[in-house]
Each structure stands twice: as structure tokens, then as C-alpha cells.
Amino acid sequence: MQELYSKDEDCFELYKILKRKMGNKIDYYGTPYNALFSGKYFSHYREPHSNIDYLFESGLPFYFKFCKNGFLRISVGSDIKNNTTAGEKLAALSDFYRALVETYGNPTVFYTTKEDDEALFSLQWSFVNKEEEIAKFKNDTYFDDASIDKLIIIDEKPNESLGYNLKDETKQIISQQVGLPFELLPLIDENIEDYLMYTKGKKIGIPKGAKTDCLPVTSFEEKAKTRTLSKNIFNQ
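Residue numbering for the sequence shown follows our numbering, beginning at 857 and increasing consecutively.
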């Protein structure tokens, strides 16, 4: 199997696409013509108001690698000064996902690695040898210098992790409303208040005793909560 490498020109083209869609939510370190692209991401909560503000604002570090017709990887890290939460990083990934999904479809995997100082959350699209790539992630042989910690396979069937099956069309609708692949719902659930705050730009509480179809909202393992999130919260 031929090894694929990120390319300067591909990363530069990808940055132009992201910049056009995300505007002043993102900027780059050094140069955007870089196979090891790095930049800053600014959420609704911490979005700078001018180019001068960017010099002083703390943003989330993000990185990407891209090889056309090979793979695409987006990683979002933690801003040490502001004690970045998992919900904020998921919200950042949601912005990138929304900007890319129409062109590249769903990513292949979500993953984190052990002993990672930046606590990166990563989405990866594998455009070739997809099954082999997934197997390497599962066997923890994908990286020579890192070990997989949390791994979520996107669009894997059957979807046993949630305990029930939904039609692909239903999953797609929920993903569009939530802003991340359906399989990440349990992870969003664990960090729902921060996720909503950073995706909406304001604090949004989940009402105590919230019910749907006369059933209490308790966890994402229940269909009831999926309906509540998709119908009520994300449409506020």
C-alpha cells in the first residue's frame, strides 16, 4: 500500500475553502502554504472583532493535513489559558464539519490519542483503502508515535453503540441539526451544555424535567433524548 503524505498545495487550497466558509473564525500561524498546517479557531464566544484583536486573542489551536484523493485530517486542541472544555472542542469540530461535509461527505473516524498534551479531538476522512485504514485504527497500528485512546467509527453498521438502528436518512437529518456525525451523539451528550453554549454563542440550559412524548429525558441511549435534542434544543 502506497503511503500518503499531506501536501503544501493541497493544504493551501483547503485553507482557502475553509476561510471562505468560516471567515474570521479561523486564521493561520506562519504560512497557509504548509503540509503541516496550523492555525487558530475562534468560537462565537471568543470571536475577535478585528485583525488587530487576533494578535491578542486566545483561540483554539487547530491543525490539518490534506492529500487530495488520499486523506484529510482536522484536529482541534486546547487553549491552555482558558481551560478549554471538551464541549468547546466539539463545537469547533462542528464548524469544520459543516464546512467540509457537503464536499467530502462524512468523515471516516473520530479519535483521540493517549498522553496527548494538547488533548486533540480529530476527524479523519480516508478517501482510499478505507477498510484497511479503519482496521489500522481499530488495531492501534495507524500511528508509529501515538496510541489511540477513544475511537468512533463513522457510518459503521450495525450501529450497536447506541443500542438501536435508525434509517440512514434519519441519521443524516439528525447530523445536520446537531452539526456532527450521528455516531458522536453520546460524546455530545456528555458535554451538552458547553457544546450548546459554544455552538450558539450563548448559554442555553436544558430545562429540568424535560420530557418528550411524556417520557423523561435521561440519556442518549434512549430514543426520547435524541428526539428532544433534534426537535427542541437545536431549533432554539
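To be clear, the hints were calculated from the coordinates, so they are not data collected in a lab. Among the hints, erroneous ones may be present.
Below 30 Å or equal to it, Euclidean Cα-Cα: the simulated BS3-like pairs (lysine-lysine) are [claimed, not checked]:
1. Lys970 to Lys986
2. Lys924 to Lys896
3. Lys924 to Lys937
4. Lys937 to Lys1013
5. Lys1027 to Lys877
6. Lys937 to Lys992
7. Lys1013 to Lys872
8. Lys1027 to Lys1013
9. Lys872 to Lys937
10. Lys994 to Lys970
11. Lys1056 to Lys986
12. Lys937 to Lys875
13. Lys937 to Lys877
14. Lys863 to Lys992
Beta-carbon label-pair distances, calculated as ranges [stated by the list, open to error]:
15. Glu1012 to Met878: 25 to 31 Å
16. Tyr889 to Glu1025: 37 to 43 Å
17. Gly879 to Ser914: 17 to 23 Å
18. Glu1025 to Lys1056: 24 to 30 Å
19. Arg876 to Glu971: 17 to 23 Å
Glycine residues also receive a C-beta, built at the ideal position from the N, C-alpha and C atoms.
Which of the stated hints cannot be reconciled with the structure, identified by number in ascending sequence? Hints 3, 4, 6, 7, 11 and 19 not satisfied by this model.
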